[in-house]
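**Q** As they're listed, the protein sequences go chains A and B.
Position 36 of the first sequence, counted from 1, bears residue number 38 in this note's numbering, the numbering being contiguous throughout.
Position 52 of the second sequence, counted from 1, bears residue number 125 in this note's numbering, the numbering being contiguous throughout.
Think of the hints as simulated: they come from the structure by calculation, not from any bench.
Every residue gets a Cβ at the ideal spot worked out from N, C-alpha and C, and that includes glycine.
Among the hints, a few may not be true.
Listed below are the simulated EDC-like cross-link pairs for lysine to aspartate or glutamate, each with C-alpha atoms no more than 16 Å apart in a straight line [to be verified]:
id, chain 1, residue 1, chain 2, residue 2
1, B, K156, B, D238
2, B, K170, B, D151
3, A, K88, A, D61
4, A, K99, A, D132
5, B, K170, B, D203
6, B, K156, B, E234
7, A, K112, B, D227
8, A, K115, B, D227
9, B, K250, B, D151
10, B, K186, A, D61
11, B, K250, A, E24
12, A, K101, A, E120
Derived DEER-like restraints, expressed as beta-carbon distance ranges [as the list claims (entries may be wrong)]:
id, chain 1, residue 1, chain 2, residue 2, range
13, B, S153, A, E98, 50 to 60 Å
14, B, N187, A, R163, 17 to 27 Å
15, B, K156, A, V81, 46 to 56 Å
16, A, P95, B, R246, 22 to 32 Å
17, A, L12, B, N187, 20 to 30 Å
18, B, D161, A, P23, 33 to 43 Å
Listed next, the stretches of chain A that the computed footprint assigns to chain B, with coverage defined by at least 3 CB atoms under 8 Å from CB atoms of chain B [as the list claims (entries may be wrong)]:
id, stretch
19, 28-40
20, 53-65
21, 81-92
22, 150-160
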Amino acid sequence: MAHIELNNELPGIRGLMAYRPETEAPLNALAELLLRSDDNSLSRGERELIATYVSYLNDCFFCQNVHGALAGHYLECNVRQIDDIKENFAASPISEKMKALLSIAGSVQKGGKNVTPEQVAHARANGATDTEIHDTVLIAAAFCMFNRYVDGLGTWAPADRQFYVDRAPQRALDGYQSSVYK
Amino acid sequence: MPHIELPAEYPGIRSLFVFRPETAAPLCNLAQVLLHDPHPTLSAGDRELIASYVSNLNTCNFCTRSHSAIAKHQLNSDLSLVKQVLADPESAPISEKLRALLRIAASVQLGGKNVTAEEVEDARKEGATDIEIHDTVLIAAAFCMYNRYVDGLDTWQPDNEEFYDKMGAQRVREGYKPSSINVTLTKELQTS
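Isolated chain B, as found in the complex:
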């Protein structure tokens, strides 16, 4: 049961957005810029993989499953690739650049000071730009926030694969803008 009285029909972070729309706006806008808006070089799929990887390290079930599904749809792939990345990025079939960025993300998850000059240098050798390194650190840091927000208030997290998959497809279509988040999903959830 959630630690505070949240609207029961909304899952995860959406129940918190409905509870406190004032803070929902910047939280949604941040996700929109980091994960959905066009990026000079880093695909939305790769950015979602970083988000789901960090959420998995933080053991946040709702965020891991949501962003895994979004990554799957962004990459036009299947969930087994995403699960491979989460389980072991070193052996997953991804680019060396993304592998190096995921190492940086894992260090950020432990704490900012864990990122080493060598990790950054390795990413750069694989072609990572300064903006890609910046955005990797900020995505990883942001999910250390979102994950704590969702679990710290003990939100309701459905255990229903189809729910996450539908939400994933919808986020890919609509993005994270507050207007997209607020009007969606309740009906799908009730009928699924």
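Isolated chain A, as found in the complex:
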């Protein structure tokens, strides 16, 4: 049960967004820009993967399943493959650039000062641009917010992981906007 009376039955962040539309607007605008805008040299799937990995590190069930399903949808892989990346991205069949960016995201999750010049240099050596490094840090930081928001208010989440997989194609079409939270 959520820590506060949300006056709705929606799961995870959707219940919070319906409860407080004033904060819903900038939160969705941020997610849309960071994760879904096509004006970005990182693919939607790569950005959703960063969001998934950080949500996994923060142990937020709702966020890692929503974004894991979206990453799987865009990258055409199944839940098991996404789980493998979360648990050991270094051994997974993703690009060296993505491995370097996930390593930076993992440092951000612990705290901003954990990002080292060596990690950034390694990402750059594997082709990452300044904007990609910027967006990686901001996506990781933003999920340190979204995850705390969802868990800090004790929201509920559907336990069946297939629920998230089934919803992902429609979520990918609709994007991060208020209509899907009503």
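Guided by the hints, dock chain B onto chain A, whose structure is given.
**A** Same frame as chain A, but now just chain B:
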């Protein structure tokens, strides 16, 4: 030195806003709603105290000093009160309700699952409403983002009390809307 090439004349999060104006807009709008817009019950000063308290727990110098100065100006107080709250909210001269909300904020800083039903119940006993509890959690969560953003890219953070104080007064006057943030401060910083 920042991890990426940022405009050198802008400090902290402002250098990131100038680098990437697209993401600056929702980040500024979120701060505006959480910290500056009229709130049914929680004063802007109390909300800024939550922001600076969490920033201090995250050891983010730029955000701590900025929001401490803004809190000071919002509360028409002096910086020593803010510093007392940051150092030890349990003994600081603040309301029991704010004390209970700061305990929730500290739990959020550690991770969302650390917030307990007892902490929420205690806040409610001191008069906290659901919206106040919601906003406390979201302010604390948001500063776990802003702090990581500012430090994760290793932005330039001036060590100049007068700079933060002037910025604090300005934010109180102008708020956080993207239009207010983008046009300000560079000259003050250069002359201070």
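**Q** Next step is simple, just say for each hint if it's right about the structure.
**A** These are the hints, each one checked on the structure:
Under the criterion of a C-alpha separation no larger than 16 Å, the hint pairing K156 (chain B) with D238 (chain B) is consistent with the structure, at around 14 Å. For the suggested pair K170 (chain B) and D151 (chain B), the alpha carbons sit about 21 Å apart, so the restraint of at most 16 Å is broken. Taken as a hint, the K88 (chain A) and D61 (chain A) pair is honoured in the structure, with Cα atoms around 11 Å apart against an allowance of 16 Å. About 13 Å separates the Cα atoms of K99 (chain A) and D132 (chain A), which keeps this hinted pair within 16 Å; it holds.
Distance check on the hinted pair: K170 (chain B) and D203 (chain B) sit about 13 Å apart at the alpha-carbon level, within 16 Å; holds. At most 16 Å may separate the alpha-carbon atoms for a hinted pair to count; K156 (chain B) and E234 (chain B) meet this at roughly 13 Å. Proximity of K112 (chain A) to D227 (chain B) is assessed by CA-CA distance (about 15 Å); at most 16 Å being required, the pair is judged to hold. Annotation: proposed proximity of K115 (chain A) to D227 (chain B) holds, straight-line Cα distance about 7 Å (limit 16 Å).
Between the alpha carbons of K250 (chain B) and D151 (chain B) the distance comes to roughly 25 Å, so the proposed pair goes past 16 Å and is violated. The straight-line distance between the Cα atoms of K186 (chain B) and D61 (chain A) is roughly 9 Å, inside the 16 Å bound, and the hint therefore holds. A threshold of 16 Å between alpha carbons decides the hint, and for K250 (chain B) with E24 (chain A) the separation of about 14 Å falls inside it, so the pair holds. For the hint linking K101 (chain A) to E120 (chain A), the alpha-carbon distance of about 14 Å falls within 16 Å, and the restraint holds.
Our hint of 50 to 60 Å for S153 (chain B) and E98 (chain A) holds, since their Cβ atoms are close to 51 Å apart. As the Cβ distance of N187 (chain B) to R163 (chain A) is approximately 25 Å, the hint placing it in 17 to 27 Å holds. Hint check: K156 (chain B) to V81 (chain A), Cβ distance near 49 Å, so the stated range 46 to 56 Å holds. Distance hint check: the CB atoms of P95 (chain A) and R246 (chain B) are about 54 Å apart, inconsistent with the given range 22 to 32 Å.
Distance hint check: the CB atoms of L12 (chain A) and N187 (chain B) are about 24 Å apart, consistent with the given range 20 to 30 Å. Between D161 (chain B) and P23 (chain A), the C-beta spacing of about 36 Å keeps the proposed range 33 to 43 Å intact. Taking a C-beta to C-beta cut-off of 8 Å, the stretch 28-40 of chain A contributes 7 residues in contact with chain B, enough for the three needed, and the coverage statement holds. With a cut-off of 8 Å between beta carbons, the stretch 53-65 of chain A has 3 residues touching chain B; three or more are needed, and the interface restraint holds.
With a threshold of 8 Å between beta carbons, the proposed coverage of the stretch 81-92 of chain A by chain B is violated, since 0 of its residues qualify and at least three are required. Requiring three or more residues with a Cβ within less than 8 Å of a Cβ of chain B, the coverage given for the stretch 150-160 of chain A holds, as 7 such residues are present.
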